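2 protein chains.
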Amino acid sequence: MNRSSNEKKVSDVVLPRILHYLRVIQQLARSNMTTISSEELSKIANISAFQIRKDLANFGKFGQPGTGYDVSNLKRYLLDVIGTKEMCNIGLVGVGNLGSALLNYKGFDEEGLQFVAAFDKEESKIGKLCGNVIVEHINNLKESVQKNNVHIGIIAVSANNAQMVADKLIEAGIFSILNFAPTIVSTPKEITVRDVDLSNELKALRYFTAVNK
Amino acid sequence: MNRSSNEKKVSDVVLPRILHYLRVIQQLARSNMTTISSEELSKIANISAFQIRKDLANFGKFGQPGTGYDVSNLKRYLLDVIGTKEMCNIGLVGVGNLGSALLNYKGFDEEGLQFVAAFDKEESKIGKLCGNVIVEHINNLKESVQKNNVHIGIIAVSANNAQMVADKLIEAGIFSILNFAPTIVSTPKEITVRDVDLSNELKALRYFTAVNK
Chain A
6 MNRSSNEKKV
16 SDVVLPRILH
26 YLRVIQQLAR
36 SNMTTISSEE
46 LSKIANISAF
56 QIRKDLANFG
66 KFGQPGTGYD
76 VSNLKRYLLD
86 VIGTKEMCNI
96 GLVGVGNLGS
106 ALLNYKGFDE
116 EGLQFVAAFD
126 KEESKIGKLC
136 GNVIVEHINN
146 LKESVQKNNV
156 HIGIIAVSAN
166 NAQMVADKLI
176 EAGIFSILNF
186 APTIVSTPKE
196 ITVRDVDLSN
206 ELKALRYFTA
216 VNK
Chain B
6 MNRSSNEKKV
16 SDVVLPRILH
26 YLRVIQQLAR
36 SNMTTISSEE
46 LSKIANISAF
56 QIRKDLANFG
66 KFGQPGTGYD
76 VSNLKRYLLD
86 VIGTKEMCNI
96 GLVGVGNLGS
106 ALLNYKGFDE
116 EGLQFVAAFD
126 KEESKIGKLC
136 GNVIVEHINN
146 LKESVQKNNV
156 HIGIIAVSAN
166 NAQMVADKLI
176 EAGIFSILNF
186 APTIVSTPKE
196 ITVRDVDLSN
206 ELKALRYFTA
216 VNK
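Here the protein sequences line up with chains A and B, keeping their order.
Heads up: take any position in the first sequence, counting from 1, add 5, and you land on my numbering.
Heads up: take any position in the second sequence, counting from 1, add 5, and you land on my numbering.
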């Protein structure tokens, strides 16, 4: 998980846009487009051309006046910036509907992300194959996380159990947590937690819908 | 979906923080806390106290020097800002693992969000109850969206089918789309699309993990 090729730190604010550009550029590359102007990119990505030029200018000179960005160069560079060369091992806790959906999601592998372990407390789920992993009892978490060299822990349990799971992940040596439980987990400073709050996404959408009407 | 009580527009940048504060404040209210300082709020929310004071100052005076924010007042005000008084009707397309997980998610109702329709193209799924709705054939989408007064459409199909589904939702009169497919959908300007890209969340987490190590 070391970053050797590019140590320049992208801020928390810019990174989501970089990932969004990468998504667009990967799609363009699949459609065999070779160049794209910042204006065209702006339309597809729904981000202003000014913002795009500013964000990409931080990483050196890509755009050619008059011809635009070279799609394959830009793709290679963005992939390098966010460092997807090494596989990242993921462990998931909570094999309910959402957990199963994540374990079965097809798009992670090609992005250098792989599930290597999954945990639940319900006996009926233990030993079952879900996606590419066999569900283990949560009591095995520490041992399994260390054995499988898990880098990122995903919390997909209910709000009530999220803090307990976060504590177990941290105790097992995990520094990075993606939390899907609709609650805030308390963690020491050195732990990075990202919350994916699905109802907040809907609320944000509703807010903008209501405002725009 | 009209906003009468508070027409002040929260920006796209600030809104996720407002929703995050609301999540924290709701949690504090459930724990029967009555007041909280911006410093304590900062620790729990993992956002600087300066940023919190700045964000909340936009909405009038809440904090009392020395005593902090009144939890129940702040909760009521934040709920008012994001306008959760009216129920928002949601229609979902794609009843796979992720779609089922969303339909069965317990937390939406109390947030004023409710699923009123779900669609799939697979005959085996049509007519089955999932969460609180009966899955309909995607060919019924337009009729059902209008009959059920759907405000927000969720795309939970594969990347290949996402554009087709977006087109159908828009044709049915939907202006707000939450897209879980790992692809960019093209829509007219008046349509609001929010992308939830789960692999981007993991990539962001990996990026920060790698940088911090």
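Keep in mind that the hints were calculated from the coordinates and are not lab data.
Here the structure is a predicted model, which means the values were calculated and not measured.
Mixed in with the good hints there might be a few duds.
One copy or two, either will do: identical chains are not told apart, so a pair holds if it fits within one copy or between any two.
Computed cross-link-like contacts, SDA-like style, restricted to lysine to any residue with a CA-CA straight-line distance of at most 20 angstroms [unchecked claim]:
| # | residue 1 | residue 2 |
| --- | --- | --- |
| 1 | Lys-147 | Asp-114 |
| 2 | Lys-194 | Ser-43 |
| 3 | Lys-133 | Arg-199 |
| 4 | Lys-147 | Ala-62 |
| 5 | Lys-59 | Met-169 |
| 6 | Lys-111 | Glu-44 |
| 7 | Lys-48 | Met-169 |
| 8 | Lys-126 | Ile-139 |
| 9 | Lys-59 | Ser-191 |
| 10 | Lys-126 | Asn-78 |
| 11 | Lys-59 | Asn-137 |
Here is how each hint holds up against the structure:
1. Lys-147 with Asp-114: neither (24 angstroms within a copy, 35 angstroms between copies)
2. Lys-194 with Ser-43: between (38 angstroms within a copy, 18 angstroms between copies)
3. Lys-133 with Arg-199: neither (28 angstroms within a copy, 34 angstroms between copies)
4. Lys-147 with Ala-62: neither (43 angstroms within a copy, 44 angstroms between copies)
5. Lys-59 with Met-169: neither (42 angstroms within a copy, 33 angstroms between copies)
6. Lys-111 with Glu-44: neither (32 angstroms within a copy, 42 angstroms between copies)
7. Lys-48 with Met-169: between (44 angstroms within a copy, 19 angstroms between copies)
8. Lys-126 with Ile-139: So Lys-126 and Ile-139 pass the 20 angstroms test inside one copy only (13 angstroms; across, 30 angstroms).
9. Lys-59 with Ser-191: neither (35 angstroms within a copy, 23 angstroms between copies)
10. Lys-126 with Asn-78: neither (46 angstroms within a copy, 39 angstroms between copies)
11. Lys-59 with Asn-137: Intra 41 angstroms, inter 46 angstroms, cutoff 20 angstroms: neither.
Hint check: violations occur at hints 1, 3, 4, 5, 6, 9, 10 and 11; the rest are consistent with the structure.
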